[in-house]
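Enquirer: Per the numbering used here, residue 1 is the first one in the sequence shown, and the count goes up by one each step.
Source of the hints: derived by calculation from the structure; they are not laboratory data.
Please read these numbers as outputs of a predicted model, since none were measured by experiment.
Just so you know, even glycine gets a beta-carbon here, dropped at the ideal spot from N, CA and C.
Hints may be right or wrong, so weigh each one.
Claimed, not checked - Derived DEER-like restraints, expressed as beta-carbon distance ranges:
hint, residue 1, residue 2, range
1, F219, E167, 31 to 41 Å
2, F219, G53, 35 to 45 Å
3, K60, A17, 12 to 22 Å
4, L39, E184, 34 to 44 Å
5, V139, V64, 49 to 59 Å
6, F70, A19, 22 to 32 Å
7, K36, T173, 15 to 25 Å
8, G21, T65, 26 to 36 Å
9, E152, S38, 34 to 44 Å
10, L39, A19, 13 to 23 Å
11, T148, E102, 13 to 23 Å
12, S112, F219, 41 to 51 Å
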Amino acid sequence: QAWAWGKADLKLWARWAVAGGALVAVFAALGVGVWKISLGAAFGLALGVWLVGGALWELKRRAVTLARVFRLPPRVWGMTLAHAGIGLFIIGAVVETTGRYESTIALSEGASGTVAGWTFTLDDVGSIEGPNWYADKAVLTAAKGGATAVLEPMKRYYPAARMPTTETAIYKTGTGDLYAALGEQRLVDGQSKWVFRVYFNPLIDFVYFGTILIGLGGFLSMLPRRVKP
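All chains should be built: construct the whole structure from the sequences, respecting the hints.
Expert: The following block contains the structure:
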């Protein structure tokens with residue numbers, strides 16, 4: 001038992017300490033020098049990677065062979081999933097907080113603008129009706145590199161309630177969520193344009209997935225141990 005009280009392997013502890021220190025140093029250098037984030041955010045990323053890597057390493061240590069992985073008791077899986085979930089949650093929270101981007105862009109039909117590396121082209125704005133509402137619906141084409149997405153944000157009006165609501169369009173990019181919300185039509189530089197609010201939240205799914213893993217890990221940890229006959 002490498003981590004048991006009174007039986008700890010001091011050499012293993014020392015190696016983990018050195019590895020952890022090196023990980024923090026690397027992320028601190030990358031964070032401050034390359035990514036231009038705070039030292040605290042860099043430490044948070046290092047901690048998240050440490051937790052995920054440590055959870056997987058402990059699973060491998062207990063299983064020894066790949067064939068035994070799925071025969072491990074639920075409490076081991078619970079511990080692994082919970083720690084990995086905490087790590088993913090921290091990574092997602094740090095990246096989303098430090099890397100989120102939001103901006104306002106005004107476009108006329110057929111015009112394009114760039115936000116957060118994405119080029120948005122306003123293809124059309126039309127009116128549609130529902131059972132108890134009517135709406136302005138925009139069609140935006142967002143392009144970045146080889147990726148292309150069509151976003152259709154709306155602004156609905158409910159005559160009975162006398163209030164508008166905004167229907168935000170969402171596109172999942174794999175590295176984050178891209179949002180576009182339709183605003184008012186305004187006169188900008190003598191030209192009629194539609195105003196859009198654009199958001200990009202990087203790695204936000206890590207936060208959601210991490211939370212699910214934490215809950216699943218807690219559930220598995222509460223399952224009773226199997227009693228050998």
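Enquirer: Compare the structure with each hint and give your call.
Expert: Hints versus structure:
1. F219 <-> E167: 31 to 41 Å: Holds, at about 35 Å.
2. F219 <-> G53: 35 to 45 Å: 23 Å, violated
3. K60 <-> A17: 12 to 22 Å: 20 Å, holds
4. L39 <-> E184: 34 to 44 Å: 41 Å, holds
5. V139 <-> V64: 49 to 59 Å: 56 Å, holds
6. F70 <-> A19: 22 to 32 Å: 28 Å, holds
7. K36 <-> T173: 15 to 25 Å: 21 Å, holds
8. G21 <-> T65: 26 to 36 Å: 31 Å, holds
9. E152 <-> S38: 34 to 44 Å: 37 Å, holds
10. L39 <-> A19: 13 to 23 Å: 20 Å, holds
11. T148 <-> E102: 13 to 23 Å: Distance hint for T148, E102 holds at roughly 22 Å.
12. S112 <-> F219: 41 to 51 Å: Taking Cβ atoms as reference, S112 and F219 lie about 48 Å apart, which means the hint holds.
Hint compliance for this structure: hint 2 alone is broken.
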